[in-house]
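Protein chains in written order, with our numbering: chain B, 1 to 132; chain L, 1 to 555; chain A, 1 to 316.
The set of hints was computed from the structure by calculation and includes no laboratory data. These numbers come from a predicted model, not from an experiment. We put the beta carbon where it would ideally sit given N, CA and C, even for glycine. Honestly, I wouldn't trust all of these hints.
[Claimed, not checked] From the structure, some residues in chain L lie toward chain A, with a derived Cβ separation under 8 Å: (1) Pro210; (2) Gly438; (3) Pro553.
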Amino acid sequence: MAQNKIRVLIAKPGLDGHDRGAKVLAQALRDAGMEVIYTGLRRTPDQIVSAAIQEDVQVVGLSSLSGAHNNLFQKVANLLQEKGYEDVLLIGGGIIPEKDRKQLEKAGFDRIFSPGTSTEDIVEYIKDKVNE
Amino acid sequence: MKDKDRQEKIQENLKKWREGPFSKFQQRGWSEAYTSYREPVKEIYTPLDAPDEEYLDKSGFPGQYPFVRGVYPTMYRGRPWTMRQYAGFASAEESNRRYRYLLEQGQTGLSVAFDLPTQIGMDSDHPLADGEVGKVGVPIDSLADMEVLFDQIPLDKVSTSMTINSPAAVLLAMYIALAEKQGVAPEKLKGTIQNDILKEYFARGTYIFPPGPSLRLITDIFAYCSKELPNWNTISISGYHIREAGANAVQELAFTLADGIAYVKAALEAGLKVDEFAPRLSFFFNAQMNLLEEVAKFRAARRLWARIMEEKFGAENPKSKMLRFHTQTAGASLTAQQAKNNIVRVTIQALAAVLGGTQSLHTNSYDEAWALPSEESVRIALRTQQIIAHESGATSTVDPLGGSYYVESLTDDIEKRVEEYLEKIEEMGGMVKAIEKGYVQREIQKSAYEMQKRIEREEDVVVGVNRFAHEEAAPDDLLEVDPEMEKEQIKKLEKARKNRDEKEVKEALEQLKKTAQEEENLMPAIIEAVKAYATLGEICDVLRSIYGEYQAPTF
Amino acid sequence: MSKQASHLARGIIQGKEKALAKGLTMVENRNDGYRELLDEIYSEVKNCPIWGLTGAPGVGKSTITNYLVDSLAKSGERIGVIAVDPTSPFSGGAILGDRVRMMDLAGKEGIFIRSMASRGALGGLSPAIMDAVSLYQAFGVDRILVETVGVGQSETDIVALADTVTVIMMPGTGDDVQTIKAGLLEIGNIFVVNKADLQGAETLTGLLQSMLSSKNSPDDWAPPVLKLIASTGQNLDKLLGEMHRHQDFLKKSNQREEKEKMRNEMALKMHLQARFQDLFLGPLLGTSEWEQAVKSIGRRERSPAYWAEKMITGSD
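With the sequences and hints as input, model every part of the structure.
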């Protein structure tokens, strides 16, 4: 009998120490029946991508509130592509201005969620996309 | 009528009211109400909840133990609170220009925000600093950057607040070294360093060393400043970030005071006398949305600290028992949706801080859920404080909500629940152990998750987010940091490294290493190292090699 | 033969990381082709030492694993890590947090880390973990470290899986006579008292030593008790030394073969159980006979034991 579970990597790239949102989301995804690999703080794009590949996750979620998203998020997206892992669902959240959101969504991100998005919406989004 | 008779009379009438008019109206409509820590709020509060005969013992008068009504006798009628807006700019040059402008405008207090690599003791060319340089504040790699930051600013004329924790000793050492260059004696220096490491482990994340060595750095600063920098606030024990991480009001207060207790104990163990360092301890709290509960929280904080210092630590100097605090309005309460509504939120929160007797205040800007604030939004935030100070009348008398049955009852309730937490933490062996066990993190995480779920179930209403929402365009006039900045900062760092005497640097770092392995105060060795233009990263690396790095508990 | 399984098997044997990652998912999910995959790589499985680490949450397993992996990799070994965390019985989901401590290792040459949830295995090791070990061994690692949360079933499972089991404890978390009695003494080859600077470390160490000395050791191995402080690295090198010593002991006393046999039997048993479930239990679920049995049990007419027998053999 197949026992598929959605596996998600939740990562904090850079030096930002605000992990409330990342942890609340991790817990919500767990409660929705997913397996969540949490990386903890201060991760480099290399570490994140390498973890995503070894863990064979279907979803990578990044969170940053320090304003370093343009650089760090972009690097994660590029690395995933370089390593032939572009089929992963790549999402992000944090303090991200509209202009940057649009740019990141053009550059490989499936979705950047704005502050105030409900965890339920994110759960639904992931389930829809992964089962597509 | 005697007190007892009067109480019985109130009791009797309250019962009649509850069974009669109240229950009749309750059937027409009624909603549950809770405190932030999920206690039901009663339908009404009466003198039974705040009896007069307890007044002298529990409240007293402003400026007197237990300081519930305020730490100074005159409060805002004597002097308004300090309006201190925390701000960081992408480079030392830009920050210096802004500081000089502010000083020309008559401001006397500066508040320095550092970027994340600086806060974590990394030089700007560290691989992990990639993309973070100059983002949330000014990058400081060496004394050379500090010289630019305070260029033409006389350090004996200003008071400088620095939001710096793990490497606080190094930044303070740079400030002292710079003062010496300006010919300013250390005893003339005025200001504050945040220097509150414990909350970094569970709420803010800019930790470097494990708790033991971190506490040594802190007590070394206490000891050094009590002799050399008597006007320096050596620590700002911060509940702000604890609340931002998802704690409720009771947890914010309990964990902050538990941190405070840990620092006092560490200082006493290091051989300091309580009345030597305790008057320089200050606090930093969050002002959230629940106006009256927040006021009660600030009042309870003062009474709790006064009693802890007197009863637990035997402090005698009244200043050792005064809880002086800075407040910032709640960043986590700002919504990205309908961002201008945040102006109203900030107003209510700022009012809570003022009615709660804060010594200084930072008001957030409405656009901070989107980016660093723009100049216009910062101005509105400051004007909010000015309107409260000059137009609202909230400042006309000391502790105007003292005597409100509800607020007094909440003050007592919060105090009681905080004491329960403090006892529990004490049983675990103190705050450091409670953090290492992950207890504090789990308590906060639980609160944060439940809060999020309540919002999603619409049990808690957030206007514009889960109720009264409408589509609107996101703000577009946001502040941007030039990505070229990082490269320029790295060039400056390379230049500073080239211009120094390497032999001198090596010797100073060797000496620092030796001191770190022994028990001597670290401050003089750090000051020597910064004077030789050793970088922040180099100094912290020496300490890392001796002390190791803190490892966060898994989830 | 599933094309995908074949493709993955080739990739794993050639040492391709991505194939290993995808293969692990396939066996963990029991997706179509997983049997073919396992069978196809099986001739390439090369035995290597398997070290198990177990202990309650928060005792410092991941920090210790992190150190071990780092030192072993520095000596040129290729290391496979399996970090097991419990599945939530309520949602079926899990938070796999062990990587927090091992992120510095992520991406380093020769280190492969996989987090796995215990899934249906009631706190024990899921059968897929056995298979994951086989995939690692076909991929070509020199050593496998399996980290499990020491609650319930997994304690005994880890014995069947690992050659050397290290039990990690710390003072002040109820690691006292009660829990020690619960079977930990039987499974550990090495005992670690971590956070030895905390109060109660001496007591716990003494307690362990006295309980171990009173135990018969049929295999001539006297399990050492090591005090260490993983966060500062104190005595971690000693632990590594003891692990190597136990490995040599197994080799000299010819017990490696025994362990290997036990592991093979366990794997066979697990696969049989899974097949029985698929073949016999699966088709019965939800049938009219099933519903009838559930009703009858509810009305206290006949027992579940009666019905099970009847459904299998067809007779009362």
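List, from low to high, the hint numbers that the structure doesn't satisfy. Every hint satisfied by this model.
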